[in-house]
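These are the residues of each chain, in order.
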Amino acid sequence: MENGPIGKGTVLTDGVVASHVDAGAQYRELVFEASDVAPRVEPGQFIHLRIPRLSNCVLRRPFSVFRADARTVTILYKTVGRGTEALSQVTPGEVVSILGPLGRGFPRVLSRTLPVLVAGGYGVAPLVFLASRSATRGVVFIGAAGAADVLCVEEFEKLGWAVRVATEDGSLGETGRVTVALDAWLARERADIIPEFFACGPDGMLKAVSDRAIEGSWKAWLSLDKHMGCGMGACLACVQRVRAEDGSASWARVCREGPVFECREIVWNV
Amino acid sequence: MENGPIGKGTVLTDGVVASHVDAGAQYRELVFEASDVAPRVEPGQFIHLRIPRLSNCVLRRPFSVFRADARTVTILYKTVGRGTEALSQVTPGEVVSILGPLGRGFPRVLSRTLPVLVAGGYGVAPLVFLASRSATRGVVFIGAAGAADVLCVEEFEKLGWAVRVATEDGSLGETGRVTVALDAWLARERADIIPEFFACGPDGMLKAVSDRAIEGSWKAWLSLDKHMGCGMGACLACVQRVRAEDGSASWARVCREGPVFECREIVWNV
Amino acid sequence: MTSQMQKSPDLSVELGAIRMKNPVMTASGTFGYGPEFADVVDLNRLGAIVVKGLRMGPWDGNRPPRMVEVRGGLLNAIGLQGPGVEGFIREYLPFLRRFDVPVIVNIWGRTMEEYGEVAARLDDAEGVHGIEMNISCPNIKEGGIAFGADPATAAEAMRCVRQRTSKPVIPKLPPNVPNIAAFARAAEESGCDAVSLINTIPAMAIDIETRRPILANRVGGLSGPAIHPVAVKLVWEAAQAVRIPVIGMGGIETAGDAIEFLIAGASAVAVGTANFSDPATPLRVVDGIADYLRRHGMASVRELIGSIQP
Amino acid sequence: MTSQMQKSPDLSVELGAIRMKNPVMTASGTFGYGPEFADVVDLNRLGAIVVKGLRMGPWDGNRPPRMVEVRGGLLNAIGLQGPGVEGFIREYLPFLRRFDVPVIVNIWGRTMEEYGEVAARLDDAEGVHGIEMNISCPNIKEGGIAFGADPATAAEAMRCVRQRTSKPVIPKLPPNVPNIAAFARAAEESGCDAVSLINTIPAMAIDIETRRPILANRVGGLSGPAIHPVAVKLVWEAAQAVRIPVIGMGGIETAGDAIEFLIAGASAVAVGTANFSDPATPLRVVDGIADYLRRHGMASVRELIGSIQP
Ligand SMILES: Cc1cc2nc3c(=O)[nH]c(=O)nc-3n(C[C@H](O)[C@H](O)[C@H](O)COP(=O)(O)OP(=O)(O)OC[C@H]3O[C@@H](n4cnc5c(N)ncnc54)[C@H](O)[C@@H]3O)c2cc1C
Ligand SMILES: Cc1cc2nc3c(=O)[nH]c(=O)nc-3n(C[C@H](O)[C@H](O)[C@H](O)COP(=O)(O)OP(=O)(O)OC[C@H]3O[C@@H](n4cnc5c(N)ncnc54)[C@H](O)[C@@H]3O)c2cc1C
Ligand SMILES: Cc1cc2nc3c(=O)[nH]c(=O)nc-3n(C[C@H](O)[C@H](O)[C@H](O)COP(=O)(O)O)c2cc1C
Ligand SMILES: Cc1cc2nc3c(=O)[nH]c(=O)nc-3n(C[C@H](O)[C@H](O)[C@H](O)COP(=O)(O)O)c2cc1C
Ligand code: FES
Ligand code: FES
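Chains as they are written, first to last, in our numbering: chain A, 1 to 270; chain B, 1 to 270; chain C, 1 to 310; chain D, 1 to 310.
If you're looking for bench data, these hints aren't it; they were derived computationally from the structure. Every value quoted in this text rests on a predicted model; they were computed, and no experiment measured them. Using N, Cα and C, we set each Cβ at its ideal position, and we do this for glycine too. Please note that the accuracy of each hint is not assured.
Unchecked claim - With beta-carbon atoms standing in for the labels, derived distance ranges:
no.: 1; chain 1: D; residue 1: T210; chain 2: C; residue 2: S8; range: 20 to 28 Å
no.: 2; chain 1: C; residue 1: S8; chain 2: B; residue 2: T79; range: 32 to 40 Å
no.: 3; chain 1: C; residue 1: E156; chain 2: B; residue 2: P107; range: 51 to 59 Å
no.: 4; chain 1: C; residue 1: R63; chain 2: D; residue 2: T210; range: 27 to 35 Å
Bound conformation, chain A alone (with noise of 0.2 Å):
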């Protein structure tokens, strides 16, 4: 834990939404206004928002940041329960409490290395982030049960990334889970280049692409999604069990010390 002379330059902050727009099925593209955090954030950090409206709740919900520029921080979710559904209902000039940027996003992109994304639902939404600031290009796999839950696939490919699409449904790209797609696409590549892996989506996704890092000895960076309280790193709700490179187990905040941890700190089904 840190005790350094204060943190990161998070900020509690009034954003403005300046739009709010369908991204298909149940997602939504929300922008901000919010300058104060716009510049600052990087890769895999997230913004915690107090959603209007929603009076019995006492907590902040975590967003991936999806974009960012001077001014604006855009994110890009699912509705999934009460909070997201109060999410879905504002609109264009309202205020809404910030409190980012937090945690720590994803390393910057080794140029020795093919960034291999592996996304899972709004899993693409700090992935597309990191596209976007990374000099080198690279390939994108996107998992998901369906077609609908299949985002941003033209965000990469302007971006000039392949991307690879997998659904279990089989009703876009190949039939089944994202794991056959990267294990045939690994099986061609890997003795032609050197992967380094970074991965947002269900735990089940992040274990399969651990194990694969693991295996072939690459790294592997996941962003891992847990139920959060403070965001700050101050309550110790988000825990996440991980290993020091001595073998000692411990407790690290993921709204801290993570969202984003290299696959080998992670101790699984704890």
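Since the structure of chain A is already known, use the hints to place chains B, C and D with the ligands on it.
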């Protein structure tokens, strides 16, 4: 307390907001389509509304009926707190759960008496309804702090009632409390008429009307405003101390035995 | 889908000798004595009706204000106003007998003896199916809370009632104790047929402008969704401690809230405060439990009771 | 308007030897050890910082899930994870010493002796202004709650700590007891300098689809607005029972919520759960209290403390 073959034909129903318009200052007029409630409401009865988007509140809010026809029920309300604030946000087409009609309203106006209505603030609401259903016409006294709280003057006049206004700041009608105007009028008229009072407003005003009625041996029907729980007579939250003819005192439920009481029943200041 | 899942699941439960069509009853003090809500709720569809607390004679209760809304709930300090057990038997019981629904009478007394007397008076009252003993009302000094202070005193009051009636006796346990299991065991050992919990939690609200307590009684009891997780925990503990059935209540607004109690070990539940905002709540909860059982392929609600996974 | 009303009201209060600029502190476990919120909250404007609970050595706490939101609040079962008192002194105390704000260290132990040891270790730690003793944590068997079960056991733990330090000692009382006054008196008689209350209320939430408790620890503690009226009532009772100062907490979101505690007799208040949704809450509450005093023509917050009208 009743133990009869059930009650008063109260229903629990979904009203659809037909219109919702400003009525000056902090007042608004809200019309519901509710054909199972509307035809049975009597002047002085109220409806108990479950206000949408008031998620950490557990109680309904009671409102006197202001108008009713075969299909619609209208209320006239003032925004004073969280509930009425949230109510002011409902929009046409929205569904609002209504419990009603509730309570014992005003008795029928007798033909041998002259009905004298005395209203303070939103107290005009049940009295406009009473005036609209009364065969006999009479006089209405409206008291308020200032002109902004004087409502429905034209409404009463259109129904053929004489209207006298008193405001404490003198911004409309006579200056002073409504009792000043009432007393002057009574002094002039009492030899020629038998007044019967119907009043709704702050307790102080009701007490003043009561004093005059008792002094003159006239009847006065007062509609009380007590904070309510169930509205159905079950929770015993809304009680008013009353005295029976034999002099014994007990609690009456304003939602069930009231909200209208003859002034001699009321034990003030308990 | 198996044929079992398509059939209507069996919702019936038994609380000692009380046979209920379904596990959903009304909570004392929130549903009057029966007639009040009868215009808008089909009483025959309720699992049981629990009426407002009664002592021997009429009781005036507290001065108003008696209720105030707070975040996620309300405080009440009605103070057990009521017509007394004779008044109830005369004015309300004939009405209740017209329905096919068990009636449980909630009782209190200012002395141990009074508890016993009320129970004795109800013992031969036709149409009374059970007696709920309020030993946990936070709202009047004389009644209840003093007898709920510790398990030994509570047990004494329970025995007083037990001795005077052959009808099922259900002590209603206090929520603000660190040892609910001991209270539940006291009930079991005193020969009671079930326990119910929780009563409202002692609480207070102050008007900061006048600097006076909002309730005339100064303190009141907190009910509503705010207390639901506290109630689930206490019901879970009580259900583990005894073999007699437990009735769970506190903050039920949805079928899901009720199902939590059943999973935690309650054999029945009661809906209180939610009757005020939606009188259809008990029936909505009944339907919601049936739906849940169907979705989970359970033939009877009894499969759900106490089915908490470790 | 008198000139007094125009002047800035005096917000300072004293808790034994702890002098605070204003009566608003952070509640243990909701504000980390200081640095966590320092980016967004000016620590120098707080009345005091109360850090997360510490025992002698590091402690792992419970498995996740450790927190779940419920209506009007949240349940937590962190289980007192922490670096231990040595870790705190090494890693966090130097940071805290840079600020002009009293630091109160919340402690717990698995044995009475451990409470005493932690207190002794803090006794000569520069920059520690007081010790809050958690005898009411619902989240771990070993720590706290066992010592808060009855006033006699609590008093023994209090004496263990009192004997080992000359710093102000503040026992944090349990919320789920019927006799809070007895606990407060135990603190006073054991020579403690103040009491704080309330801790979270034991509670539970069950996932009805999996039928498992949502928290890995099964039970947790309820905090947030849901518990505010319960806390006000207990603070009012405790304040009437003792002459040592009382620190009130539970569900504070607005200045009004804090003012209720002050009127009820609390000399200071702590903001917990509200830090999560709005880290500016403590400072907003400070400003709101000042506004209130100005509006009511009070020169000092001390006029407000215990000013409840009958
Ligand atoms: C770092 C981070 C980044 C994220 N980025 C994004 C993003 O970019 N886009 C996006 O759409 N979402 C993102 N999420 C997820 C998002 O925060 C959640 O979907 C959101 O908080 C759900 O809120 P809700 O109120 O709608 O749902 P809730 O009603 O709170 O619950 C949603 C689901 O979670 C379950 N749940 C609730 N509490 C717990 C608990 N304590 N333990 C286990 N399960 C629980 C519920 O049962 C329900 O199924 C991110 C999460 C994290 C931690
Ligand atoms: C029979 C009846 C008919 C009514 N008819 C009308 C009508 O036609 N039009 C209309 O505008 N209003 C009418 N009212 C009043 C209306 O019900 C209230 O204004 C409304 O409930 C306020 O709700 P709120 O949530 O906006 O205010 P709240 O926030 O609940 O409170 C408003 C005010 O009441 C105070 N208060 C809250 N609880 C209590 C309590 N227990 N004891 C004392 N004070 C308390 C608050 O401090 C605040 O000042 C009627 C009331 C009754 C009983
Ligand atoms: C207005 C009101 C009156 C009550 N009166 C009684 C009573 O007379 N006897 C009793 O045992 N409990 C009484 N209770 C407690 C309820 O029966 C129930 O235990 C409590 O409210 C918790 O359930 P809820 O959260 O669903 O309301 C009363 C509760 C309320 C809100
Ligand atoms: C996440 C969390 C962790 C807590 N940790 C501690 C703790 O370590 N020691 C302690 O005495 N109280 C702890 N508490 C209790 C709070 O200090 C406080 O007493 C309680 O939350 C009530 O206040 P609130 O409603 O403002 O949160 C914790 C509370 C929460 C929500
Ligand atoms: S969410 Fe509070 S420590 Fe991570
Ligand atoms: S509001 Fe419940 S009895 Fe009148």
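Taking the hints in turn, this is what the structure says about them:
1. Taking the beta carbon of each, D:T210 and C:S8 are about 25 Å apart, inside 20 to 28 Å as hinted.
2. Checked against the hint of 32 to 40 Å, the C-beta distance between C:S8 and B:T79 comes to roughly 47 Å, which is inconsistent with it.
3. A C-beta distance of roughly 53 Å is found between C:E156 and B:P107, which places it inside the suggested range of 51 to 59 Å.
4. Between C:R63 and D:T210, the C-beta spacing of about 48 Å breaks the proposed range 27 to 35 Å.
The structure does not agree with the numbered hints 2 and 4 stated previously, though it agrees with the rest.
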